[in-house]
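Undergrad: Residue numbers for the sequence shown follow the working numbering, beginning at 2 and rising by one.
One should not assume that every hint holds.
Calculated lysine-lysine pairs in the DSS-like style (CA-CA distance at most 25 Å, straight line) [stated by the list, open to error]:
hint	residue 1	residue 2
1	K111	K72
2	K98	K13
3	K13	K111
4	K41	K75
5	K30	K13
6	K41	K30
7	K78	K98
8	K30	K111
9	K72	K98
10	K30	K98
11	K72	K30
12	K78	K41
13	K75	K30
Worth flagging that the hints you see were computed from the coordinates, not collected in a lab.
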Amino acid sequence: YIGENPPEEVVKIYDMVLEAKNLAEESVKPWTLSSALYDKVYDRLAAMGYADRFIHGLGHGVGIEIHEPPKISKIGKEMIQENMVITIEPGIYLPGKFGVRIEDTLLVEKDGVRRLTSAPYTLTPY
Numbered sequence: 002y003i004g005e006n007p008p009e010e011v012v013k014i015y016d017m018v019l020e021a022k023n024l025a026e027e028s029v030k031p032w033t034l035s036s037a038l039y040d041k042v043y044d045r046l047a048a049m050g051y052a053d054r055f056i057h058g059l060g061h062g063v064g065i066e067i068h069e070p071p072k073i074s075k076i077g078k079e080m081i082q083e084n085m086v087i088t089i090e091p092g093i094y095l096p097g098k099f100g101v102r103i104e105d106t107l108l109v110e111k112d113g114v115r116r117l118t119s120a121p122y123t124l125t126p127y
């Protein structure tokens with residue numbers, strides 16, 4: 002957004018996307034089916050009334066290429082494994098208005114994840 006304070010609707014959508022990202026991060030464990038992560042976030046966004054505005058996958062693996070398996074989406078069939086590097090990047094898009102996507106890169110560890118990105122979770126005016 003441009004200006005000093007973000008519009009209330011932007012803050013509302015940002016908070017929903019951040020909640021979805023946090024839910025996904027908390028749910029990542031080795032031997033989790035990639036589509037199960039997507040489904041959990043999709044269901045949360047559906048409960049908020051915005052599932053139809055989540056129009057892409059939840060994330061993907063990172064390796065030699067930036068987009069590698071596992072595909073974390075409704076059609077993902079891979080298991081999340083310890084020591085994989087993945088992204089979690091939910092988003093909500095309101096056509097003709099704006100969209101919000103929050104992305105983190107994570108290392109999957111035995112009991113959860115370690116965040117490899119360090120951007121703050123704040124709305125910063127442009």
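Undergrad: Which hints from the list above does the structure break, by number from lowest to highest?
TA: 3, 5, 7, 9 and 10
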